[in-house]
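First to last, the protein sequences are chains V and E. No gaps in the numbering here: position 137 of the first sequence is 137 in my numbering, and each next residue is one more. No gaps in the numbering here: position 247 of the second sequence is 247 in my numbering, and each next residue is one more.
Please keep in mind that the hints were generated in silico from the structure rather than gathered at the bench. Quantities reported herein were computed from a predicted structural model and do not represent experimental measurements. Treat the hints loosely; a few may be bogus.
[Claimed, not checked] Listed below are the simulated DSBU-like cross-link pairs for lysine-lysine, each with C-alpha atoms no more than 35 Å apart in a straight line: (1) E:Lys124 with V:Lys371; (2) V:Lys133 with V:Lys225; (3) V:Lys403 with E:Lys330; (4) E:Lys108 with E:Lys122; (5) E:Lys146 with E:Lys108; (6) V:Lys47 with E:Lys91; (7) E:Lys11 with V:Lys47; (8) E:Lys122 with E:Lys235; (9) V:Lys17 with E:Lys10; (10) E:Lys122 with V:Lys341; (11) V:Lys133 with V:Lys341; (12) V:Lys47 with E:Lys10; (13) E:Lys124 with E:Lys3; (14) E:Lys108 with E:Lys330; (15) V:Lys128 with V:Lys252; (16) V:Lys133 with E:Lys337; (17) V:Lys47 with E:Lys235.
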Amino acid sequence: MKKIKTLNAARLVSDLKGIVGEAFVSDDIYDRVSYARDPMPYDIEDKNIPYAVVRPGSTEEISKLMTYLNKRKIPVFLHGSGTSLGGHSRPKMRSVVLATNRFNQIEINEEYMFMECGCGTICADLMKALDKKGYLLPMNPGSQIVATMGGLIATNTIGHMVDVHYGRPSHRVLGLEVVLPTGEIIETGTKSLRRPSGIDLTRFFAGSEGLFGIITKARMDLIQKPFMKYVAAFFKEPESAAYSFMRMYREKIPMPLYGEFLGANSARVGFQTKGLEPPEGCVTLATSLGRTQKEADENAELVRSIFEQEKAFRSMTLGPGEEQEKIWASREFILHTTQGKGNFVAIEIVSAIPHLAKAMTEIHEVPKTLKIFRDAEIYTYGHLGALSLHGLFVIPNEWSDAKKKAAFMEVMGVDRRMNLKYEAAGGEWGQMAVRVPFWRKKYGEKAYGLLKQMKAVFDPSNILNPKNIDGL
Amino acid sequence: MGKAEDKKEKKKMREDLLLATQQCIACEFCVPSCPLYSGWLTDSATGRMQSLHYAIKSKMDLDDRLREILYSCTTCGNCEFKCKSFSQAVKVTDIVKKARRMFVKEGKGPMPVHKLMIESLKAKGNPLGEPVQKRKGEYPSTFKKKDHAETLLFFGCVTSYQDFEIIPSTFEILEGAQIDFTALEVEEYCCGYIAHLVGAEEDFEKCKEMNMNAISKIGPKRLVTTCAGCFRTFKELYPEGAFNGIPVLHGIQYIENLIEDGKIQFKFLPARRVVYHDPCDLGRHLGIFDPPRNIIRQIPGVELIEFESNRYHADCCGGGGGYKSVNLEKSLEVASKRVAAAASAGADVIVSACPSCKRNLQLAADLGQQQRKWKIQVMDITELVAQAMIGA
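Just chain V, same shape as in the assembly (with noise of 0.2 Å):
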């Protein structure tokens, strides 16, 4: 992408405005600084803080944005709710930021079994509004309180859901519409549940990671929710979980929506945050399903039938209630691990079946592999169902921004290899920005090249999101 050599922002501001309106957009240092941190463990450069940020109200405003910015070569990085861990939503150049938050639209239509939302639309809030109406949003993720749907859609992520039950955002999405960089509004799909066949340019977008345009409005099938019942089980062996979850797909049980992981460390942070006594051991949740009650109930001994043929020296089926949801949440504290210390960094690895056991051992002898975090405490955790596995170290706060990049890259290196060795490429946030060298050495520079050529068709400015192609 050529470099920008003079750019009159006062101008760029005021052309902004005029598309927009005054009152959402800003070129105060305040905001701009505010949307361009993201939860990468150290602190944006100077050089890489946007010009304005922008927050448009319609596809139109968007349309017009992208012709004005694309006709100068402006670059533009989208702002959801910028929580990707993987760098995606953090400016690496002088930019402006195009933030999606009005787009939070939401239409539950039970003629044609679908629902629309706008792709500002927060996670938790649609899963909401399906639930009192008796339906389940394919994809969890941690973040859902805040995410958005574009940027869960463009990273096609389920969060902590088990793929086999209702696939992905790309398998889920019926029709999306979308503004391409150079401007133009397009449609993709269909209105009927049956999806196309061949060509549908819907899947294109779905996990385009914003390189290819920004995904505006998305329509998914309405999924009727169903029956639950819970599991927990504690182990001494972390690998007697994993062997667990490998043991369920090997015998064809009922797999649990959610099959999720407490390391020992991880566990005991998470138990006492919720007034829980500490377990010995680690932590296996899980969450069967069923079309009744009765069904789910039925599944969930199954479940723990696996867990006790694995060594479980406990294990309990729950109803739900507050033990239940004390239990799920202290999963859900699992940040508490960072004890006011510092940032984190986490590794988001994933394996193939048969290597499950063997990747829990190694995840967690990695601290003696490293040099930054030599020894240090590792926090595992994951989606075992998934076949994913979590490591978490504390960044601390007092360590200079250069260590922590430093330490943030080191830990990346043990995904990238962990990932190629286990046959996998992660399953939560993304491949591109700090993934690219993972990408290009797993799928080799000729797939790379074509990805890139790709990028160009889409977008021949290199304007949305450039650099995350590029890796960080």
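Model the placement of chain E on the given structure of chain V, informed by the hints.
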């Protein structure tokens, strides 16, 4: 304080705030919970923390825009609770208050309207510009201040100068329960909470001293306040064991005790659905949720219902943290959302235990009623209790 010492203290304030603001990881989990969130991040805890962090890290001079960002916070603490749910809570309200102290220390704060309030505080013992004598304006004409009593009532400035019902109702309750009590009348001085909230710590210290002297002179066995802000101030900001170590109770705790002791009995009230609004200072900040609910449940004819967001999740009335005086319109907008939530929950009456919440919700309720949006009554819990002691 010498010049060098002053400089050192200012530097230390900045260093502490730099470290504290690093604790915010910009995850934005707190954003939807901020009552003042307008769609811009700077109107949320994340934006406040990131703005402050950047200004200090970049060694910027404190400017009016940053001041506006930091004084536009009701200190309700909802953000901390949301943060705490997922991470080690960033002490946003502490950081905001420390930042405000930094503004005052560097001669850049508080907000102009707060300066007027502090001037009034110094001159008249209240931040509202009201004459000292008016403090006893709502006291019953029969009231005679005693030199000593077992229970000493402390009403606070909002109750004394801006409310017509809480003082007479409280007197009725205590007289009905045959309690030996008195109140400070014109010798009551602002508890100092507003000075603390806006960063005027020296002025807060003066308030503390004045009240500690006045209360000690009476030598009561307990101090009871009907104001959530005063209560939190006495509990958290005055020294432990202030007032010769006597217990400090909020009115709701005292009334609950009197009910338990059989000194208060209720009669039937006309059927009504009452929703309890948790004041941030009592609820989220001090964890006091049950006494008011226990009281309301015991009143025959009254049905207690809940806001969808209640207890730790309760939404702010929009009036706290010194914010109402900064932006009344926005403050009322927040209060209107709370009143709308009460209406949609099916409430006839909103009851609170904080005169500031009551006042803000009352203004919003009246406004909505004029616009025919809802018809809902707003009361302090003392009013409901006093009514129930007499009956319909």
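Each hint, compared with the structure:
Under the criterion of a C-alpha separation no larger than 35 Å, the hint pairing Lys124 (chain E) with Lys371 (chain V) is inconsistent with the structure, at around 63 Å. At roughly 9 Å between alpha-carbon atoms, Lys133 (chain V) and Lys225 (chain V) fall within 35 Å of each other, so this suggested pair holds. As the CA atoms of Lys403 (chain V) and Lys330 (chain E) are separated by approximately 43 Å, the hinted pair breaks the 35 Å bound. Among the hinted pairs, Lys108 (chain E) with Lys122 (chain E) is consistent with the structure: their alpha-carbon atoms are about 19 Å apart, no more than 35 Å.
At most 35 Å may separate the alpha-carbon atoms for a hinted pair to count; Lys146 (chain E) and Lys108 (chain E) exceed this at roughly 44 Å. As the CA atoms of Lys47 (chain V) and Lys91 (chain E) are separated by approximately 30 Å, the hinted pair is consistent with the 35 Å bound. For a cut-off of 35 Å, the pair hint linking Lys11 (chain E) to Lys47 (chain V) stands: about 26 Å separates their Cα positions. Between Lys122 (chain E) and Lys235 (chain E) the CA atoms are separated by roughly 23 Å; this keeps the pair inside 35 Å, and the hint holds.
Of the pairs offered as hints, the one joining Lys17 (chain V) and Lys10 (chain E) is violated, with about 39 Å between alpha carbons and a cut-off of 35 Å exceeded. Distance check on the hinted pair: Lys122 (chain E) and Lys341 (chain V) sit about 41 Å apart at the alpha-carbon level, beyond 35 Å; violated. Pair hint Lys133 (chain V) plus Lys341 (chain V) does not hold up; C-alpha atoms about 42 Å apart against a cutoff of 35 Å. Distance restraint check for Lys47 (chain V) and Lys10 (chain E): the Cα-Cα separation of roughly 29 Å lies within the 35 Å cut-off, and the hinted pair is therefore satisfied.
For the hint pairing Lys124 (chain E) with Lys3 (chain E), the CA-to-CA distance comes to about 31 Å; that is within 35 Å, so the pair holds. With a C-alpha separation of about 23 Å, the suggested pair Lys108 (chain E) and Lys330 (chain E) falls inside the 35 Å cut-off, and the hint holds. With a C-alpha separation of about 32 Å, the suggested pairing of Lys128 (chain V) with Lys252 (chain V) holds against the 35 Å cut-off. Simply put, Lys133 (chain V) and Lys337 (chain E) have alpha-carbon atoms about 24 Å apart, close enough for the 35 Å limit, and the pair holds.
Of the supplied pair hints, the one linking Lys47 (chain V) and Lys235 (chain E) is violated, its CA atoms being roughly 47 Å apart against a limit of 35 Å.
Checked against the numbered hints above, the structure breaks hints 1, 3, 5, 9, 10, 11 and 17 and satisfies the rest.
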